[in-house]
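Participant: Protein chains in written order, with the numbering used here: chain B, 40 to 624; chain Y, 86 to 321.
What the hints contain is simulated information worked out from the structure, not anything from laboratory work. One should not assume that every hint holds.
Said to hold, decoys possible - If you want the footprint, here are the derived chain B segments under chain Y, 3+ residues with CB under 8 Å:
#1 74-87
#2 135-148
#3 172-183
#4 373-379
#5 512-519
#6 535-544
As the list claims (entries may be wrong) - With a straight-line Cα cutoff of 25 Å, these simulated DSS-like cross-link-like pairs (lysine-lysine) come out:
#7 B:Lys289 <-> Y:Lys301
#8 Y:Lys111 <-> B:Lys362
#9 B:Lys493 <-> Y:Lys226
To be verified - Ranges between beta-carbon positions, derived for each pair:
#10 Y:Asp131 <-> B:Tyr617: 54 to 62 Å
#11 Y:Asp87 <-> B:Pro370: 34 to 42 Å
#12 Y:Gln130 <-> B:Asp387: 32 to 40 Å
#13 Y:Thr209 <-> B:Gln538: 41 to 49 Å
#14 Y:Gln89 <-> B:Lys345: 50 to 58 Å
#15 B:Thr320 <-> Y:Pro182: 29 to 37 Å
#16 Y:Asp190 <-> B:Thr336: 48 to 56 Å
#17 B:Lys415 <-> Y:Ser196: 46 to 54 Å
These figures come from a predicted structure and were not determined experimentally. Don't be surprised by glycine CBs; every beta carbon is placed ideally from N, CA and C.
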Amino acid sequence: MIKTFDVVIVGAGGAGLRAAVEIPKEYSCAVISKVFPPRSHTGTAQGGVCAALGNMEEDSWENHAFDTVKGSDYLGDQDSIDVMCQDAIRAIIELEHMGMPFSRNEKGQIAQRKFGGHTKPADKNDPYTKRVPVMRSCYSADRTGHVMLQTLFENSIKNQVTFFSEYFATDLIVEDGVCKGVVAMDIATSEITVFQAKAVLFATGGYGRVFRITSNAHAGTGDGMALVYRAGLPLEDMEFFQFHPTGLWKLGILVSEAARGEGGILKNKDGERFMERYAPTVKDLAPRDMVSRAIITEIREGRGVKGSDGTDYVYLDLTHLGKEVIDEKLPEITGFARTYLGVEPTTDPIPIQPTAHYAMGGIPTNVDCEVLKNEKGDIVKGLYAAGECACVSVHGGNRLGTNSLLDLVVFGRRGGKAIADFLKDAKFHEISESAADRTRNVIESIMENKGTEKISNLRTELQNNMMELCGIFRNEQDLRRMIEILRDLRERAKNVFLQDKGRVFNTELIGALELHNLLDTAEATVFSAYARQESRGAHTREDFTSRNDAEWMKHSFAFMKDGGVPELKYKPVTITRYQPMERKY
Amino acid sequence: MDVQLKILRYNPEKDTEPYFQDFTVKGVSNDWRLLDVLQEIKWQQDGTLTFRYSCAHGICGSDGMKVNGKNRLACSLLLKDINTKKTIVVEPLPSLPIIKDLVVDMTSFFSKYEVVKPYLINATPPPQNGERLQSNEDAEKLFESAKCILCACCTTSCPSTWTNENYLGPAAMLKAYRFVYDTRDDAANERLDILDTPDGIWRCHTIFNCIEACPKEINLTWHFSQLKKRISSREM
């Protein structure tokens, strides 16, 4: 079946919905999503979304931009960061106008609180030497992502957006540098549809499920990134994967940085506030890469607590905040601690460990969300990407907390605007039913395979090994091993066996397709990590412990090649105002 | 420890009607989520067992199902909170058509949600350079209703829904509350008109099933009493 729309948006989280709302009524627009839109992973974001509104204290978008550049360990493109931080103020006010319920200050404005890595100069005449935490994160208790997603879903209903919910995208049709559409499968019936479109926007989210301990939903399997990668297009900076310092022990469920923004403290088994040794000025509110490394260092040096499952954790102590603050400002995350660990956060510290959280890398785009086909910056006509699946790059080597939600609304809107502009004189490209052949062949081969491998076993092996060998600390030997393991897993993935041979809601088949996507995103990640011989942001090499600006101020572009070894090319970082400095907090 | 389950199965390609199938899962501990148990079955025993899930911690609202007669999210229910000495009975959410096993057709649920105009309506243009002001007290009046994750546990637990498929149901009416009581919204009366109809809020007979079923511990019935009071006190 062929369906035709001016625009097809793949993914219905924050970026996809924000883009959909922006498409003018005169164009037909379809949003494809493998889950119902309000089930998207945006909803799990907790702590807030930053914008220098200055509602609580003086602040400026330039402060926000500098923090984002420094937080990115100078890998973020400074022109893109300026766009995001400057537009943040308008974007947040716009969300409020759309109806998003925010917590408020005593003047009735949007309330703001502190968040990791968000600072302002202690002394205006010396802006960079000493910076202190600033209240910049706009929030709605600790359900900011949830109410943002709800608000955008509500506005898409108001705008009568056409949804194809529980459709799983299987292929991207790009020929001669032009995007012609996507192929997707209706999960309920297994029917395959070719979506012909003048413009396609990917807003498919991250791939945290490539790691064993992750805050990401099961849906976070890198589908959009893998489709782009398999279409011969590059993936950028895939070695930069953020581990959030405070995941609930064993489960990886996110415990928002807002807990530390409100005054929560990390402690080791001796009860020591260890962040004082790693970041003397901002302490527990240091950026995530630094705090995660600090926690693992504490554990490696014997100051962690041994858990019943053999893994180690440290404590997040909120007890001194008092019941009122905890109940009012942090109800959701303290509820998780009670439900899943049986810990009462008002009286006992919460066991936490770092959890795989966010992909800084992804589908390379320019500031108008146009997808790049190479490291020179040439674009694929008609193809756009926004949100976590994209790499603009505003997060560089390490994303600051709250900047993910901001990225969604700023670049979701910009993508929508760019598409509306593009449609003024865009045409449909010829596309035939045979565009679905590749999808049909893949599905047929999976369904008819008489192999012996279980999808879940391969996925678990991938997740365990990625965690051990390509996690917070990396080295050449481990990465080499991971490359070998990946090769083995890829071979075995050709040999999976499905018990479910039906066409109705075959989630086992979806699991097999997602496994391929995880393997592809893992490949780009591991090879990019192997090549980058330095430590920067979230990419920490034990064998190359310092940042190497002379050789590595550049973005990795990984291109899939036959034989399982991607080709790596590099694009220089855009520097405008801020020359790289030592990153101390 | 081991747990026994009885799960309602239905595959429209093979079965004429739903039936229960027994499963045993060995080596579980009481801090497992029910979702972990179901995944263990799907991933190690029977790949055909079908259910929705995503975030696995009670935010996305995908895995609502009936467990021992009560609507629950499988990811928010731990084995220690179930009597595991007895067989755990797992069924799809009641009153919605079954697509396959524990997966139900949510179409009618979402169309009722759309009926209450679930979006901010305000004809006055917002301030040019700032937010619409709202006191924190007024904002917090919305927070409990805004917690709703649209999992459908409440609506499908309601006997009024079972007997009248056109009844708006708790989830849609809670969304109406969220906007009726938003100081930034102009369309309270429009929504109250929608609620004040034969298939609207008066079909809520204060049975409290919705509160019992809500995984976010929202006091739905209290919200509906406020709406009823407001409808009753409107000028004729």
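Participant: Does each hint hold? Answer for all of them.
Facilitator: These are the hints, each one checked on the structure:
1. 74-87: holds (count 8)
2. 135-148: The restraint on the stretch 135-148 of chain B holds, since 13 of its residues have a Cβ under 8 Å from chain Y and three suffice.
3. 172-183: Since three or more residues must qualify, the claim that chain Y covers the stretch 172-183 of chain B holds, with 3 doing so at under 8 Å.
4. 373-379: holds (count 3)
5. 512-519: n = 0 at 8 Å, threshold three: violated.
6. 535-544: Contact hint for the stretch 535-544 of chain B vs chain Y: holds, 7 residues under 8 Å.
7. B:Lys289 <-> Y:Lys301: holds, 23 Å
8. Y:Lys111 <-> B:Lys362: violated, 39 Å
9. B:Lys493 <-> Y:Lys226: violated, 49 Å
10. Y:Asp131 <-> B:Tyr617: 54 to 62 Å: holds, 56 Å
11. Y:Asp87 <-> B:Pro370: 34 to 42 Å: holds, 35 Å
12. Y:Gln130 <-> B:Asp387: 32 to 40 Å: With a Cβ separation near 37 Å, Gln130 (chain Y) and Asp387 (chain B) satisfy 32 to 40 Å, so the hint holds.
13. Y:Thr209 <-> B:Gln538: 41 to 49 Å: violated, 58 Å
14. Y:Gln89 <-> B:Lys345: 50 to 58 Å: Violated, at about 33 Å.
15. B:Thr320 <-> Y:Pro182: 29 to 37 Å: violated, 59 Å
16. Y:Asp190 <-> B:Thr336: 48 to 56 Å: holds, 51 Å
17. B:Lys415 <-> Y:Ser196: 46 to 54 Å: holds, 49 Å
Of the hints listed earlier, those the structure fails to meet are numbers 5, 8, 9, 13, 14, 15, in rising order.
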